[in-house]
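Chains as they are written, first to last, in our numbering: chain R, 3 to 336; chain E, 52 to 386; chain Y, 56 to 551; chain H, 977 to 1309.
Read the hints as simulated data drawn from the structure, not as lab findings.
Remember, it's a predicted structure, so these values are computed and weren't measured experimentally.
Any given hint could turn out to be false.
[Unchecked claim] Listed below are the simulated SDA-like cross-link pairs for lysine to any residue, each with C-alpha atoms no more than 20 Å apart in a straight line: (1) K164/Y - I153/R; (2) K174/Y - T182/R; (3) K1213/H - K237/E; (4) K1280/H - V1158/H; (5) K1179/H - R208/E; (6) K165/Y - G169/R; (7) K206/E - A1215/H; (8) K180/R - L166/Y; (9) K237/E - K276/Y; (10) K219/Y - V202/Y; (11) K1179/H - R72/E; (12) K1213/H - K196/E; (13) K180/R - G169/R; (14) K1213/H - R264/E; (15) K430/Y - L94/E; (16) K420/Y - L432/Y; (17) K164/Y - G202/R; (18) K206/R - K175/Y; (19) K123/Y - K175/Y; (20) K1301/H - V1289/H; (21) K196/E - A1215/H; (22) K237/E - G422/Y; (23) K276/Y - I235/Y; (24) K377/Y - R264/E; (25) K420/Y - L217/E; (26) K1179/H - S239/E; (27) K1090/H - G169/R.
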Amino acid sequence: MGKKGKKLHLSGPAIILIVLVVVSSLFINSFIRIGNINNILRQASMLSLVAMGQCIVILLAGIDLSQGSVMGLTGVSTALILSKGVPLVPGIILGLAIAMFCGLINGYLISYVKIPQFVATFGMFGMALGVALVISDSRVIWGFPETVRVIHDGEILGISAPFVIVGIIYLIMFWLLKFTRFGTSIYAIGGNATAAELSGMPVKRNVMLSYGISGLLAGAAGIMLMARMNSARAIMGTGYEFEAIAAVILGGTNRLGGKGGAVETITGVLILAVVRNALNLIGVSVYLQMVAVGFVLIVVYIINQNKGSNPLRKWFPVKNKGLVSGTTGNGNGR
Amino acid sequence: MKFKNKLAQIASSLRDTNTSRALFTLLIFFVASTIFVNRFFTLNNLINVLRQSALVFSFSIGMAIAMLLAGLDLSIGAVAAYSGVLAASLISNGYIVLGIIVGLLVGITCGLISGVIISKYKVPPFIMTFGMMKIASGLALNFTKGESIYGLSDKFRWIGVGTIGLIPAPLIICTVLLILLAYFGKRSVLGRRIYAVGSNRNAARFSGIPCERTLMIGYALSGLFSGIAGLMFVARLGSAEGIMGDGWPLQAIAACVLGGVSFAGGEGTIQGAAIGALCVAIMYNVLNLLGVSPSWQQFLIGFVIIFVISIDFIKSQIIRKKNISNKLRTMQKTA
Amino acid sequence: MEKNVILELENITKIYPGVVALDSVNFQLREGEVHVLSGENGAGKSTLIKILSGAEQPDYGSIIYQGKKRSFKYAYEAQRAGIATIYQEFNLIPELSIAQNIYLGREPKKLLGTFIDWKKVEKQAQALFDMLGVKIDVKTKVVNLPVSKQQMVEIAKALSLDSKVIIFDEPTSTLTDDDIVKLFEIIKRLREKKIGIIYISHRLEELFEIGDRVTVLRDGKKTGHHNIKDIDMSKIITEMVGRKIDKQFARDLQKPGKEVLKVEGFTSKGVFSNINFSVREREIVGFSGLVGSGRTEVMRAVFGIDKFDSGSLHFYGNKVEKSDPLKSVKLKLAFIPEDRKSEGTCLNLNIRDNIILASMASIFKSGIINLHEEKKLVTQAIKDLDIKTPSMQQKVKFLSGGNQQKVVLAKWLLTKSKIFIFDEPTRGIDVGAKAEFHKLINLLVKEGAGVIMISSEMPEVIGMSDRIFVMKEGTIVQEFSREEASQEKILKAAIG
Amino acid sequence: MKKTLFLVLIVLVVFSGVVFAQGQKDTPKESDNLHVALIVKNLSNPFFVYMKWGGEAAANKYGVDYTCLAPEQDGNVEAQIRIMEDLIQKGVDAIVVVPIDSRGIVAGIERANKAGVPVFVSNTRALGGEFLSFAGIDHTAMAEEMARYVVKSLNGKGKVIELEGTTGAQSSIDRGIGFKNVFSKEPGIEVLTRTTAEYNKAKAMQVTEDLLVRYDDIDAIVAYNDSMALGAVEALKAAGRLDKVMVTGTDANKDALDSLRRGELTATVDSNPVAQTFVPVEAAIRYLMYNEIPPAEMIVGEGKPTIVDQKNVEAFELQVIENLKGFGVTAEF
């Protein structure tokens, strides 16, 4: 994955994004204002974090349904911690720790207890949400120091904080995926788990870690959301997990693992954000917004896949068995 | 003689490890609730549980079929809502039969569209059905404009609230569906094809199975049953709302997973899904009887699912250890 | 202990639920020797390898490596220690480049270990291939490599770990004869480097070409251990199977009948072009050639799995415009693919469902399956092919390779097919099962079927076929009759 | 062939989508024209559809442009903020918002303040940010009124079940307080349990079914909105206990009124959704046109909340329809 530079500029999703932007700025007069762009990006910042987490998991040919409720849990617990008078930084770190912990549990269940990812993360979805509801007594948590809001409203060198945070996190993730052994191992595991195992990669550990990261990022998003609303509720994050998956897929990351990354993900996030924003600007009713988003998702996917590689290689393997055996899952008895 | 065979069939359906595990889970649930939950084991409540499980089962069928095809169907709830509201709008104007037909047709169509795109355009089921979910519920809400459609004739409402003696109509309907599906799953060419395609689409193709058609039919069926579920709920509630099916997919997944239908495809049975539905219904019922706060309900259901699934793992570990120790012992004896 | 022994196994025992895979097996490897490990499938070879490579741990017994008692918890521990394994199914990441694959998990780093130094990775990888004397661009993605090259990548990887022991599991099963020659040269080089080599193959003739010593396993027990010089093939075979196999290729020739399949000017752009051949009743048509010469592709197109651009197909003289598996099955055409796991069987379905799969639609026209009828058919099939299984409810993934292959064949027998296409029918199957399988093919022919057999095993093709087509780069270069065919001629045609 | 047919299908659906979209955006592009936007909690609950009409009525009265938006999922306040931001970008002249929760919305209001767009809040208070006026009914008062009605019709003695709204929703919290205030003072009234049915009919039905097993004698079920009340009614009907239990809802939605007419629901209390949005939207328009500064608090529905029961339902409904007709809004009754 080291160098796919030339592939990046003009991947299917990128083109689609550009087209979308051009079209909407032509037909919606208020679209291309600085304010609005700023606006789109700020709205996208939460999703972009969640999606990045989801992306890593999807690279492992996995999925994480628990993100939404982990967001809620992190938001609520951080809010509670802060309102107990704990200073900002430790409070946030604590919150993130909780989020990471949830993720790691997912990872453990999946890689060591061998529960299907869908089941494990779905279970975690219920548990995290439950805990969040309980500790928050299913009320809105508020009344923590205003300082939290710098995370969302603050500015660093004239750039508003969310961009800076998201930017940094994405840089880290890019580095992590492309220039560390951990990163390569993720592509390897997604591509052919057995092979990765046999070439001395701590597959189980890395899988577990990846889910940990997914949880962590979800937590970060939760805290940012909390800061944005200056209050937190248990259910504030639910639904984000699906949005995130949609975004990652839109970005062209391969559902069966092994392909994609940070750049693809942010592209996908932006596609979604732009569509939503545009529809709001035209004043399309919420119902038809849903319809539209559904269409965009499917259509863009179809376009992507005709440009990119066929994500169903699992089903129609290349003639060289050796390679595919890993991806077709090792169902052999012994 | 014939009866013997039936027994044999049932036995063999239980021999399916997943399903038997589900049955085991159900047993535990049931016994535990009977012992610990006051008023659980009363005629009223059992009927109540059965009714609710029937409803859960009704919308889990679609999910089960999709999962047997190594996919999943997130659109069941939305599709049910869409066909529900369209049907209701007709039925409330007196066109009962037409309404039902339209409802079912809408269900099939949505399912078919998903099926076609999944098989022909190679879009993963997750994406396709997620998109379909958005589309269908969008259209449904757009149709009702948020209003609820009501004023349905009692003739129609029978399928949701009617009873024969003590037995609620939904239970009867779902039992019939269950029997039919169980029968066809095992005995029909289509059923076998669905299993084959789900288990290994490539091998199925090499055996001259029309994979694409099977997929389409499979998802169309999923849509159809979502439609049926939609109608039953409309009949039960006496009104149709665009949001009716929210949260169904997750409940359905829970039911299927507890029922031993695996995401790997080709593993599990419809009977399993039914058992799973019973488990889910019992869980909710018990938690309400105990007056557990909804917050905890969320947690417990998540927990139970994970726990039940990990039983296998734990069991296998134990067995393995036993075997080894036994073997070693015998070897020492011989040596 | 003996000098220059690098690896020794003492009473290794491994138990899986229900099965004893290895029963106190002893094994010894000297440096610079090729120690052949042979035995039928399920004899415990693969388990032994798994244990050596750290993929599994023994329940009992000890591994002594370089004089020290060792136990490998994970695959990479064994690798780092210098025991490399090259599996039959290569363990490479399709999406990654050759270089990335070789240094997977061991990439050199720069900038205080914060960044992987991809440049360096590629330089080192290239160096390895130069050493092996193989020309290849290490930047190419593995997914685009022919099998033989992939194997080279595996070997290069082993060298990059400067391994003391290299284990080859069925290295030649996917190679064509000229690739095998290359491989053997390389193995000889490795031997000179004082590397100990454990070599596993079903092709007994290879043992004598490359091996120094041989250890034979059967049902998890060690049944023999010899220097290659003082032993002959039949002895090894008896030790493997516990019974004598009189003749490997007992082919009783039939008088061919009328033409059942005719292919004319068959072309698929960039894959194969202008293929002409025909198959008659009661004859076997062999297809030889290098892997990737387009044999399989042609047959896939004939069966209708892939499209073809031009040319025509004739079944029993009537023309078929567009072939697809459905139609082919109706036309009594059967295809036994090379890869049982991903193309032949539904692993997590039971034997019954697999066997009835292809024929159910035609047998049970109503769409409803009569279970008694079905049971009769399936049990019959299981008996005819003597598939070893407790019941027909058994899931196929628990069967041995040979039995899985039989299940695939059984599936096609129920369709009453007239034309059988076998793609590498006996790849990775042990000698015993192989002979049985050849008998079955003979039977089919006797009963009037026409058979097409793709095989990279020269003796098999020559032994079985009435006529042999040799393919090269997507075209048929030559046709031999049974009489005129010989290893040399065919090889010459294939490489030419 | 199949493919083409399929494409046709897609095109059809897309097309219909577009058509609907056309229908939706009733915004002529003259920028000098005033444009007021209303954001409600969701549009999948009849109550907020009434609110939509209320706003529309006011807009028609003064002939200004009007948009009504809501989040996809109920209870997603963050989406409300997004919508506000987008509207601000779109350059609407005033925003009337019905906050999902009083805290969360503040961020959105502040954005509007920054952009200098006047904000009016309706139905649920916002606890921060600068808004010109809050127009709303007093949920607590409504609940208390209904509670008194229940007590009266039970003659001060009976067992009651409360079906709460979406956990954490402000309205649910306030109404809860209202009921508590009254019931706690009544020694004769025993509240058996408070449990949520998430303002959702199906959920309410299922929960009630279970509760009917749990409690043999129930005298009243009070639901925090009408959908839940109707769900409870269905459950009771199925169990054949409707005659023994009185069910009350809140909001006086159309379907609730019909249920009253059928003599199933016992009573509901008018929360006057139409007025709740009509008033603030009108205030917004008048502020923009004649820049009248509205009072900071506008309590809708003068006097004490109206209880609608089986006796006065006809009269009540006629009046509602008349009011809307007055402003050229035809509520599809």
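Results of checking the hints against the structure:
no., hint, in the structure
1, K164/Y - I153/R, "violated, 35 Å"
2, K174/Y - T182/R, "holds, 14 Å"
3, K1213/H - K237/E, "violated, 40 Å"
4, K1280/H - V1158/H, "holds, 15 Å"
5, K1179/H - R208/E, "holds, 18 Å"
6, K165/Y - G169/R, "violated, 24 Å"
7, K206/E - A1215/H, "holds, 18 Å"
8, K180/R - L166/Y, "holds, 15 Å"
9, K237/E - K276/Y, "violated, 42 Å"
10, K219/Y - V202/Y, "violated, 25 Å"
11, K1179/H - R72/E, "violated, 30 Å"
12, K1213/H - K196/E, "violated, 28 Å"
13, K180/R - G169/R, "holds, 16 Å"
14, K1213/H - R264/E, "violated, 45 Å"
15, K430/Y - L94/E, "violated, 42 Å"
16, K420/Y - L432/Y, "holds, 16 Å"
17, K164/Y - G202/R, "holds, 17 Å"
18, K206/R - K175/Y, "violated, 28 Å"
19, K123/Y - K175/Y, "violated, 34 Å"
20, K1301/H - V1289/H, "holds, 18 Å"
21, K196/E - A1215/H, "violated, 32 Å"
22, K237/E - G422/Y, "holds, 12 Å"
23, K276/Y - I235/Y, "violated, 30 Å"
24, K377/Y - R264/E, "holds, 18 Å"
25, K420/Y - L217/E, "violated, 41 Å"
26, K1179/H - S239/E, "violated, 37 Å"
27, K1090/H - G169/R, "violated, 25 Å"
Consistency note: the structure conflicts with the earlier hints numbered 1, 3, 6, 9, 10, 11, 12, 14, 15, 18, 19, 21, 23, 25, 26 and 27.
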